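Please put together the full structure from these sequences, using the hints given.
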Amino acid sequence: MSIDVKFFASLREHVGTDSVTIDAGRVRTIHDCWQLATQSADLPDNTLCAINMQYAKLDAAVEDGAEVAFFPPVTGG
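Counting with my numbering, you get residues 49 to 125 for the letters of the sequence shown.
Keep in mind that the hints were calculated from the coordinates and are not lab data. This structure is a prediction, so every number in the text was calculated from the model and none was measured. Glycine is no exception: its CB is placed at the ideal position from the N, C-alpha and C atoms. There's no promise every hint is true.
Label-pair restraints from in silico Cβ distances [unchecked claim]:
id, residue 1, residue 2, range
1, Ser58, Leu106, 14 to 20 Å
2, Asp93, Gly113, 26 to 32 Å
3, Thr69, Phe119, 17 to 23 Å
4, Asp93, Met49, 30 to 36 Å
5, Met49, Val122, 29 to 35 Å
6, Asp66, Pro121, 16 to 22 Å
7, Pro121, Met49, 30 to 36 Å
Below, the structure is given as structure tokens:
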């Protein structure tokens, strides 16, 4: 039972890795994934989240085998 957690762009630098695998038995929401994967590091404002490549909110449920991704807001001009 596991969840793959990925960090992109500046968040990868913020947490010091591009990915980790965490125990699904200890997770209910995306926010739980962040807490467990980063040892409770501060979550930067406006962080975007996704479950299996679909945008989701921090309180969205996460199931065993999911891929959860965190990335900073996309900007452009």
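Here's how the hints hold up against the structure:
no.: 1; hint: Ser58 <-> Leu106: 14 to 20 Å; verdict: holds (18 Å)
no.: 2; hint: Asp93 <-> Gly113: 26 to 32 Å; verdict: holds (29 Å)
no.: 3; hint: Thr69 <-> Phe119: 17 to 23 Å; verdict: holds (18 Å)
no.: 4; hint: Asp93 <-> Met49: 30 to 36 Å; verdict: holds (31 Å)
no.: 5; hint: Met49 <-> Val122: 29 to 35 Å; verdict: holds (32 Å)
no.: 6; hint: Asp66 <-> Pro121: 16 to 22 Å; verdict: holds (19 Å)
no.: 7; hint: Pro121 <-> Met49: 30 to 36 Å; verdict: holds (31 Å)
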